[in-house]
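Please construct the entire structure, taking both the sequences and the accompanying hints into account.
Keeping their order, the protein sequence lines are chains A and B. Following the numbering used here, the numbering of the first sequence begins with 1 at its first residue and continues without gaps. Following the numbering used here, the numbering of the second sequence begins with 116 at its first residue and continues without gaps.
Think of the hints as simulated: they come from the structure by calculation, not from any bench. Among the hints, a few may not be true.
Simulated pairs of lysine-lysine, BS3-like, Cα-Cα distance not exceeding 25 Å [what the hints assert, rightly or not]: (1) B:LYS155 / A:LYS38; (2) A:LYS102 / B:LYS151; (3) B:LYS153 / B:LYS137; (4) B:LYS155 / A:LYS3; (5) A:LYS38 / B:LYS153; (6) B:LYS156 / A:LYS107; (7) B:LYS156 / A:LYS38.
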Amino acid sequence: AQKVTQAQTEISVVEKEDVTLDCVYETRDTTYYLFWYKQPPSGELVFLIRRNSFDEQNEISGRYSWNFQKSTSSFNFTITASQVVDSAVYFCALKRGGSNYKLTFGKGTLLTVNP
Amino acid sequence: DTEVTQTPKHLVMGMTNKKSLKCEQHMGHRAMYWYKQKAKKPPELMFVYSYEKLSINESVPSRFSPECPNSSLLNLHLHALQPEDSALYLCASSQEGQIVHEQFFGPGTRLTVL
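What follows is the structure in structure tokens.
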């Protein structure tokens, strides 16, 4: 069975602070894929990143960075110098390899960035 | 064009009404999805279409009826819904193939069943 745990239900920070959203996953598959999505109040899920299980390279995209560690089954997401527009619910998700379509989502973390 | 569109944005219907939700994408994606999302919860997969054929039905009640008229369109027909079906309904699409691709989501339809 697959499982994604986002232990932080809500996080509140002040603008310009750095914030890390945690994601821990469980799977018995050797090939799997991890995703982060952002859901602002408008409702649309916005794709942020996909990471394959065989690629542990960390990634940086502007103020966003992701730390993938297979040894601890974690795929954490850091926002540097947070902005009010970063306020949203962030979901981490896991997908099996192969033709399986199903995403296993974590429960999400509500990030509020205060001015 | 990297957009998934959904209509209507909001829908209020009675339990005896029949309505349809529509989803469209022009990214050439051959997999399309319907999700249901209740407040403060992650999305739950309902249906998956692959090459216009229903591939997955996650034991969804028959009052929800999906349809994929062509590779760009996905409909969700609603009939005799219950108040507990009130939720955000999200459509998504992705490429098909051996390599796993991310799903792109539409803005959703907020459904209220009275």
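Tested hints:
1. B:LYS155 / A:LYS38: Holds, at about 14 Å.
2. A:LYS102 / B:LYS151: holds (14 Å)
3. B:LYS153 / B:LYS137: holds (19 Å)
4. B:LYS155 / A:LYS3: holds (18 Å)
5. A:LYS38 / B:LYS153: holds (16 Å)
6. B:LYS156 / A:LYS107: This hinted pair holds, its Cα atoms lying about 6 Å apart.
7. B:LYS156 / A:LYS38: holds (13 Å)
Hint check: no violations occur; every hint is consistent with the structure.
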